[in-house]
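Asker: For reference, the chains in residue letters:
There are 2 protein chains.
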Amino acid sequence: MERRERRTETVIYSTGTVLVVLLILYFGLRITVLRPVQVIGRAAEAIGRGQLERAVEVGTGDEMGRLASSINDMSAGLRQRLALSKFVSGETLRAVERDSDVARGGKRARMTVLFSDIRGFTSFSESREPEEVVDMLNTWLQTQADQIREHGGDIDKFVGDELMARFAGPGHEGRALDAAVAIVEAVEALNADEHERGYHVAVGVGVNTGEVVIGAMGAEQRMDYTVIGDAVNLAARLCSAAKPGQVITSTETWQAAQATLDTVTGEALEPIVVKGKAAPIDVWRVTRRADAG
Amino acid sequence: MERRERRTETVIYSTGTVLVVLLILYFGLRITVLRPVQVIGRAAEAIGRGQLERAVEVGTGDEMGRLASSINDMSAGLRQRLALSKFVSGETLRAVERDSDVARGGKRARMTVLFSDIRGFTSFSESREPEEVVDMLNTWLQTQADQIREHGGDIDKFVGDELMARFAGPGHEGRALDAAVAIVEAVEALNADEHERGYHVAVGVGVNTGEVVIGAMGAEQRMDYTVIGDAVNLAARLCSAAKPGQVITSTETWQAAQATLDTVTGEALEPIVVKGKAAPIDVWRVTRRADAG
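These protein sequence lines map, in sequence, to chains A and B.
All residue numbers for the first sequence refer to my numbering, where the first residue is 35 and numbers rise by one.
All residue numbers for the second sequence refer to my numbering, where the first residue is 35 and numbers rise by one.
Be aware that a few hints might be false.
All copies of an identical chain are treated as equivalent in the list; a pair is satisfied when it fits inside any one copy or across any two copies.
Cross-link-like lysine-lysine pairs, in silico, DSSO-like; alpha carbons within 27 Å at most [what the hints assert, rightly or not]:
(1) 141 <-> 309
(2) 277 <-> 311
(3) 141 <-> 277
(4) 277 <-> 309
(5) 311 <-> 141
Rather than coming from a laboratory, the hints here were simulated on the basis of the structure.
Note that this is a predicted model, so its numbers are computed, not measured.
With the rest of the complex left out, here is chain A (with noise of 0.2 Å):
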């Protein structure tokens, strides 16, 4: 019976210990790992799910530290992307995310492309603080953007004062005239506050449409995406061409289009010579059907 008792007393006190000895640990254990880690994890979803002003406290100089700095440093890399993405084209921001590791390099499409400029933005901008200039530069870009994404497009870039803007897929003629005959509306309707301002603004748009060279072009350490060819630059030809509110398009375009829209119509205008072209080029010029909204 003694031992009994004895063995009895010893499975209690050791029992007793090894729970005690537990508990520390857990509650260590708690504070000092899976609270951590349970936060850096969350806060690491939280970045994945694209909240990335998200930041992890960063506590000691020990493993669990170095992690949450580590994952903050990513984070503010991240936001940095975002930003980054602002300032390329939806068609290079897909090209990255199919493959970060793009080479340059260029393949034969179809498309309509379209260019807008800013008539007088020159003699606008001369008398002006720069401030103003890049407000106002910012607000009739910003109305023109708005009508290429309505439309499908893709803005391939802005030069200066002059837009330049891919359309591609189905119906791709078609959008295209249809944003570029928006654009002048929307911009015509700007001139709302002109006398305030005392600068009456207009576009001239130019569109065509062709097989061009799209792709990564450029240096290997800075690249363009974009694409490239005659037909771009009789594109570019028709925007010059276009007086201030005119919208100026290929016969190639012009007979596409018809399929798919009926908003517009289209006038036939003196045939135009381009530089590089020997025969002068056929043009319409292309405004809102009276009975279209």
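Use these hints to put chain B onto chain A, whose structure you have.
Answerer: Okay, now just chain B, sitting in the frame of chain A:
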């Protein structure tokens, strides 16, 4: 004595049990928590150092597995950030690094702007396969980009076969003109294999200095960090006026450059009439000095 013995036995039992439990816990924790934290931490640090191909092995669906998975997602996002940085100018990258919440706006600054375009590129591109067109364009743009970088310039953008660069900081006028002459020489050197290729490549370069407005412009979701202003337009016009292989600059750039640059020489050309300017503009043709390297 018997009680003492009993106590000693109890203490030994307890201590033994505690040690065994601790050892099991220690190795258990090493495997389940501390080791994964170290692995993830090391991967996160490596990613932070730019080793973006580094991936963490994602284990089970627990806290650690989710953390590893989030870190891999972040790493993919950072690879995209690196890729996107190749599609924007150095100045854009610095603006995004300064503040990832880039707001549109502009300020005045004095700098030198360089435009260069490849002559006859359209006619070259019409008769070739797209792969060859893009390969040659990349070679020609890369050659020019190398010279821009070597002279401390920043490539603002490519527009098809045209390159626009900005030079700021001490001696920007001289560095821009030196870069322009170096570009013409480097492109001329590419003609060593012209018989094989059947095409003689040449660029025309225009350089001008003046006050510009620099900043992020465009639409809220699609901006361009660039410069605008009359000085920029004049640089583009001088580029158009340059014959193949020529560097044309304004009096403002030439006079300022002479203070820092002794490797080139300038020759006054007939004043030229440019769009948007009432009076003809005095222009200079800049070439390498016969006695310079």
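Asker: Where does the structure disagree with the numbered hints, that is, which hint numbers, in rising order?
Answerer: 3
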